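Protein chains: 2
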Amino acid sequence: MNKRPLILIANDDGYHAGGIRALIEAARPCGDLLVVAPIEGQSGMSHAITVKVPLRVEKYAEEPGFTLYVCNGTPVDCVKIALNRLVDRHPDLLLTGINHGANSSASVLYSGTMAAAMEGCMYHIPAIGFSLLDHSPEADFDPCVGHVKALIESVLENGLCSGTCLNVNIPKIPAGDIRGIRVCRQARGYWIEEFEHRIDPNNREYYWLTGDFFNEEPDAVDTDEWALKHGYVSIVPVQIDMTCYKSMDKLKKMLE
Amino acid sequence: MNKRPLILIANDDGYHAGGIRALIEAARPCGDLLVVAPIEGQSGMSHAITVKVPLRVEKYAEEPGFTLYVCNGTPVDCVKIALNRLVDRHPDLLLTGINHGANSSASVLYSGTMAAAMEGCMYHIPAIGFSLLDHSPEADFDPCVGHVKALIESVLENGLCSGTCLNVNIPKIPAGDIRGIRVCRQARGYWIEEFEHRIDPNNREYYWLTGDFFNEEPDAVDTDEWALKHGYVSIVPVQIDMTCYKSMDKLKKMLE
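Just so you know, the protein sequences line up as chains E and P, in that order. According to the working numbering, the first sequence is numbered sequentially starting from 5. According to the working numbering, the second sequence is numbered sequentially starting from 5.
None of these hints come from the bench; they were simulated from the model. Treat the hints loosely; a few may be bogus.
Here are the computed lysine-lysine pairs in the BS3-like style, where the Cα-Cα straight-line distance is at most 25 angstroms [stated by the list, open to error]:
id, chain 1, residue 1, chain 2, residue 2
1, E, 153, E, 176
2, E, 256, P, 254
3, P, 153, P, 176
4, E, 153, P, 257
5, P, 153, E, 153
6, E, 257, P, 153
Computed from a prediction, not measured in an experiment: that's the story for all the values here.
The shape of chain E in the complex, shown without the other chains (with noise of 0.2 angstroms):
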């Protein structure tokens, strides 16, 4: 008994990202780790679930108080397979990330980072995505580590409530510019799509997404994009009830 806290790490670019490093290093004094991470970089892949292909994990690392595997599937899969055949118990927190690149607003939708946080509340385990708003494979997370350490202990001692994460998103500012932590709405937006068009050499058409980003409220000082742009770390606390309860009554009379 009065073992350390059991913390499991997972992510969606990879073993090797950087930002999972600086994530380990932040965890590292506040438990026993488990780390299971996809052995290549799953971005946008969300909720998804390898039903396809056969899973494979291997183990990579192993010291006192930290083990590393890695998984041939999507960051939801990492969680699974680590809920289901890795852990000796019944895991303390989830932490996810530190992701490169923002998850805030509508990206919480498309982000392997925030799937597999909500995995774990699904599982009644309180847990945290965190997010650099740097998609560079360089990106510094030196600023980040001090938030999230204090963000991981805050979490330990007080638990979440059940059936929500934390969605945490921290700008690309250095540390000392930093002004702070809000608690926010996730903002409305969405992404202007741009799918640009090519030529293969079998000339055959083909197209590769990319856009920006559009916020539909870039004035509500309680949403995440909001605190981004001016300095703040962002935290949305999400669900995974997607019920709309204030439209049921209208769909009622609706459907009558």
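Model the placement of chain P on the given structure of chain E, informed by the hints.
The following block gives chain P in isolation, referenced to the frame of chain E:
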């Protein structure tokens, strides 16, 4: 002017599936149809988007009031490329499915069918995702068509709240045994997974994901699971704002 409604249709089981053919049949009298469906089954892809390989899209069939494209991407890719490259006007309605298998309760998070519907409501298109509780490729969709058509007509006439789409699940029982339609909330539950462990011919381990759904609140009469179990069509209004508003105050205090 005075055009017929433009109805965009996508699914996750692929263009050849019986479910999408039933949906096309039900929707055909209600408007001009643009169908963009995956070339292969894409079950469990959730809100995944394709970023690592080029997207291809090809016209497979065209007649007055009906066009079918197939795409090598995910259900959400199908919606994105339709909106960006294939529509001649803003669609009046987006329909997805009819999925072979349930998308009730927590399955909404894994579902490509429902993600494609959510993608529509992100772009302010009223959207409905349909699922039949029968995984079989030979599932009989005839009992669904009447309910599906009635819902299409109702949503075309009345619209839906912005940022909200409908998750419609239909029990696998004869049409005459369906007791009616119930507006529900998403039941709390999760999948109890088993990763089946095997050894390949090269003596390497692999796993297949299998599992059974566990309903955490089987007696809650306002849930989709209860409705389906008791012979009703369940309709859950699903929102793309995932913020847990009721935990914001607690979180603010915790982080003070």
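Report task. Just pull the numbers of the violated hints for me, sorted ascending. Result -> Checked against the structure, the hints that fail are numbers 2 and 5, while the rest are satisfied.
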